[in-house]
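Asker: Same order as they appear, the protein sequences are chains A and B. Letter by letter, the first sequence follows residues 1 to 89 in this note's numbering. Letter by letter, the second sequence follows residues 90 to 176 in this note's numbering.
Derived by calculation from the structure, the hints in this document are not laboratory data. Check before you lean on any hint, since a few could be wrong.
[Claimed, not checked] Beta-carbon label-pair distances, calculated as ranges:
| # | chain 1 | residue 1 | chain 2 | residue 2 | range |
| --- | --- | --- | --- | --- | --- |
| 1 | A | P73 | B | D122 | 36 to 42 Å |
| 2 | A | T13 | B | G123 | 25 to 31 Å |
| 3 | B | T176 | A | G8 | 40 to 46 Å |
| 4 | B | G110 | A | T86 | 38 to 44 Å |
[Claimed, not checked] Just a sample of chain A residues kept apart from chain B, beta carbon distances all over 12 Å, derived:
| # | residue |
| --- | --- |
| 5 | T7 |
| 6 | A12 |
| 7 | T13 |
| 8 | D16 |
| 9 | E17 |
| 10 | G52 |
Using N, Cα and C, we set each Cβ at its ideal position, and we do this for glycine too.
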Amino acid sequence: MLLARVTGTVVATRKDERLVSNKLLVVRPVDPAGKLEGSSLVAVDTVDAGVGETVLIVSGSSARMASGMKDCPVDAVIVGIVDEVTTAG
Amino acid sequence: MQVARVVGTVVCSHKDEGLSGVTLLVIQPLAKDGAPFGRTLVATDAAGAGVGEDVFFVRGAEASFPFHPRTVPTDASIVGIVDSVYT
């Protein structure tokens, strides 16, 4: 799973019917210190996250295991809003 | 599976119900010589690991298997604590 920052939202009127009423957010991975790294991706939000928050992303086929995502065509889902990351040193 | 070092913890109070009660740890994958290799990631802990320990972890949908029959939405799980590695 990846730590990421929510940087934007996506509006798509025409989409797969199993994505209807799911919120789509633009997220960009961050390191544990909060520094942006890598490239942005679109993730389905299941936890009511908002722009600016640090979130936990599950990707690949595991994304379908998030609640309400069974059989949905998704490969990245926001499954948690991060309160705190503690790293050694 | 890959060897990694546990370097931190993550606290999420608002999360998918499948993740409740599951420990989230920040891990740094290690190369053959024990040096850090690639980016850190967050893994669910199925082995009772702690910060500073060397572990091995599994990626992909199989990462949820250790929690069977629960459905835990995870793509990386710590499945063992490394005592020693011989190469």
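Asker: It remains to establish, for every hint, whether it holds in the given structure.
Answerer: Now the hints, each set against the structure:
no.	hint	verdict
1	P73/A with D122/B: 36 to 42 Å	holds (41 Å)
2	T13/A with G123/B: 25 to 31 Å	violated (51 Å)
3	T176/B with G8/A: 40 to 46 Å	holds (45 Å)
4	G110/B with T86/A: 38 to 44 Å	violated (19 Å)
5	T7	holds (18 Å)
6	A12	holds (23 Å)
7	T13	holds (27 Å)
8	D16	holds (20 Å)
9	E17	holds (22 Å)
10	G52	holds (15 Å)
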